[in-house]
Amino acid sequence: MTAADDTAPGEWERFDTKRRLLRFGLVLVVLGATVASWRALDVRYVYIETAPENIADLFGRMYPPDAAYAGEIVDPMIQTINIAVIGTVLALLLAAPVAYISARNTTPNRATHALGTVIVAGSRSIHSLIWGLVFVIVFGTGVLAGILAVAFRSIGFIAKLLSEEIEEIDAAATEAIRATGGSELDVLIYGILPQIKPALAGISVYRWDINVREATITGFVGAGGIGVELQNSIGAFRWDAVLTILIAILIVVVASESISAYVRRKVR
Amino acid sequence: MSTLEYEEYSSEWTRPTVFYNRWVKRLVYLAVAVFIAWNVWAARISAERLQYGIGQVDFLFGAMWPPDFGISVSGGELVTGRRFSRIVEKMLETLAMSIVATVVGVLVSLPVAVMAAENLAPRPVYYVARAIITVTRSIHELIVGIVFVIGFGFGAFAGVLALVSATPGFFAKLLAEDLEDIDQSRLDAIRATGAGPLGVILYGVVPQVLPRMIGLTIYRWDINLRASTILGIVGAGGIGATLNTAFNTYEYDFGAAVLLVIIAVVVVGEVVSSWARGRVQ
Chain A
89 MTAADDTAPG EWERFDTKRR LLRFGLVLVV LGATVASWRA LDVRYVYIET APENIADLFG
149 RMYPPDAAYA GEIVDPMIQT INIAVIGTVL ALLLAAPVAY ISARNTTPNR ATHALGTVIV
209 AGSRSIHSLI WGLVFVIVFG TGVLAGILAV AFRSIGFIAK LLSEEIEEID AAATEAIRAT
269 GGSELDVLIY GILPQIKPAL AGISVYRWDI NVREATITGF VGAGGIGVEL QNSIGAFRWD
329 AVLTILIAIL IVVVASESIS AYVRRKVR
Chain B
6 MSTLEYEEYS SEWTRPTVFY NRWVKRLVYL AVAVFIAWNV WAARISAERL QYGIGQVDFL
66 FGAMWPPDFG ISVSGGELVT GRRFSRIVEK MLETLAMSIV ATVVGVLVSL PVAVMAAENL
126 APRPVYYVAR AIITVTRSIH ELIVGIVFVI GFGFGAFAGV LALVSATPGF FAKLLAEDLE
186 DIDQSRLDAI RATGAGPLGV ILYGVVPQVL PRMIGLTIYR WDINLRASTI LGIVGAGGIG
246 ATLNTAFNTY EYDFGAAVLL VIIAVVVVGE VVSSWARGRV Q
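Those protein sequence lines, which keep their order, are chains A and B.
Mapping the first sequence onto my numbering, position 203 (from 1) lands on 291, and the numbers just tick up by one.
Mapping the second sequence onto my numbering, position 208 (from 1) lands on 213, and the numbers just tick up by one.
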């Protein structure tokens with residue numbers, strides 16, 4: 089008999105006591121936060137009880153969609169697409185230099201790298217609707233505010249992904265251009281650009297696809313697009329018209345998503 | 006005697022292209038250029054408007070600065086005003102909304118994820134789940150929010166419902182991709198012990214995707230926090246309402262303060278989220 093036999097026949101345990109306590113504690117914290125949040129929201133239970141009934145009732149009022157209304161939403165829908173396309177193009181133009189200074193291998197110095205990082209973080213942490221609110225104050229209601237809102241929101245996203253691509257390029261190509269006596273601009277055009285071109289196309293089309301979705305809501309703050317029409321219809325309780333708009337949005341978004349998926353498959 | 010025949014080679018180098026040939030390439034570029042040009046034409050942006058707006062930027066920045074957080078110093082003591090308590094109160098509501106929406110949203114999305122995994126669900130179920138994912142992804146959560154606000158007069162509850170309704174499009178979609186990559190032999194092992202379908206999922210599937218599940222939940226919370234800060238703009242609860250009111254009543258200095266608080270909270274949320282996800286995965 090060896091000493092090992094005195095201990096209980098080993099039951100397999102996945103974690104030791106310390107880790108198990110830690111896990112248990114974390115679960116407890118999450119549960120506590122959830123309960124506290126739930127109570128803070130002060131949700132009336134009547135709402136929850138009647139919610140399914142209310143939602144069913146709302147769908148009843150929406151159905152059937154107002155088909156005659158479909159003609160009227162063509163123009164706002166085109167506006168939505170305009171906002172997404174121009175917003176993306178503008179964002180690309182603005183994001184390119186930001187990506188250049190954000191990438192570690194192309195940024196001139198540490199200060200410019202920090203500046204790039206700040207621009208990326210700032211643009212990404214402000215939602216397009218907030219950008220919309222600000223630009224409506226500045227430029228008044230309409231498509232222009234929507235375009236700028238979508239563009240400013242997209243700068244960070246595009247610049248971040250693009251700078252990651254620039255960081256991964258093959259340095260041999262840029263060295264070769266430099267060795268022939270090329271200037272920094274030549275390096276950019278003949279050394280860097282050809283290497284990131286497929287990624288550039290993929291990122292642009294991906295962001296455009298996201299922006300189509302964003303452009304459906306910019307209208308809520310008066311920044312143009314189908315959102316204006318939607319808000320008016322909801323405000324007037326024209327629920328059958330609301331359903332028409334929702335279906336139209338679904339079609340446009342799914343279509344742009346499949347275009348985006350096709351292009352991204354091609355450039356990969 | 007045979008004469009050597011040489012094939013003729015073009016001595017000119019042309020750049021290789023990813024397109025089928027150079028004509029396709031030119032056509033694609035032309036089509037994209039025309040599409041963009043048409044968009045610019047259709048949007049009809051007036052130069053006057055642009056000029057007017059650029060003049061307004063100065064005014065807006067002047068009105069926003071300094072931001073008024075509702076904190077003042079009087080007699081060497083910090084005094085917090087109505088505006089300060091408004092920000093704190095609404096920010097707590099925003100935070101609470103994001104937490105409740107994440108928990109409920111994930112619970113709702115879990116079955117959808119299993120249903121949307123090609124290897125776990127029968128065909129008809131798979132298509133239903135994919136349809137749910139497509140619809141919830143396509144309709145922006147703010148649209149759902151505004152419908153619920155006007156339809157039922159809910160406040161924060163509408164916001165939570167909107168976030169919950171948008172969760173499957175993200176959570177179920179990504180989790181389903183992971184579920185499709187799991188190791189099948191482990192499921193067979195559990196099945197061989199005589200376990201039913203639920204047992205197979207609990208002991209065969211869940212342990213394989215648990216880290217990913219937790220990671221996605223944290224990520225979703227981060228997204229929900231961002232969205233909660235703006236749902237108030239359409240009346241669906243949270244600090245967005247404060248921001249909207251401040252701008253609509255020309256209290257730009259207060260609006261700037263709310264905006265800065267929103268940015269700070271969003272950035273902190275992102276840092277916490279990426280740190281926690283790094284620990285889990």
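Hint data in this document are derived by calculation from the structure and do not stem from the laboratory.
Treat the hints with care, as some may be off.
Derived CB-CB ranges, DEER-like [unchecked claim]:
(1) A:Leu273 - B:Arg87: 51 to 61 Å
(2) B:Glu82 - A:Leu273: 24 to 34 Å
(3) A:Phe103 - B:Val277: 19 to 29 Å
(4) A:Leu273 - B:Val93: 46 to 56 Å
(5) A:Ile339 - B:Thr22: 27 to 37 Å
(6) A:Leu281 - B:Arg27: 12 to 22 Å
The C-beta atom is built at its ideal place from N, Cα and C for all residues, glycine as well.
How the hints compare with the structure:
1. Take Leu273 (chain A) and Arg87 (chain B): their Cβ atoms lie about 56 Å apart, and the range 51 to 61 Å holds.
2. Between Glu82 (chain B) and Leu273 (chain A) the Cβ separation comes to about 58 Å, which falls outside the hinted range of 24 to 34 Å.
3. Take Phe103 (chain A) and Val277 (chain B): their Cβ atoms lie about 24 Å apart, and the range 19 to 29 Å holds.
4. Distance hint check: the CB atoms of Leu273 (chain A) and Val93 (chain B) are about 51 Å apart, consistent with the given range 46 to 56 Å.
5. A hinted range of 27 to 37 Å for the beta carbons of Ile339 (chain A) and Thr22 (chain B) is consistent with their spacing of about 33 Å.
6. At roughly 19 Å, the beta-carbon separation of Leu281 (chain A) and Arg27 (chain B) lies within the given 12 to 22 Å, and the hint holds.
Hint 2 alone, counting from the list given before, is not met by this structure.
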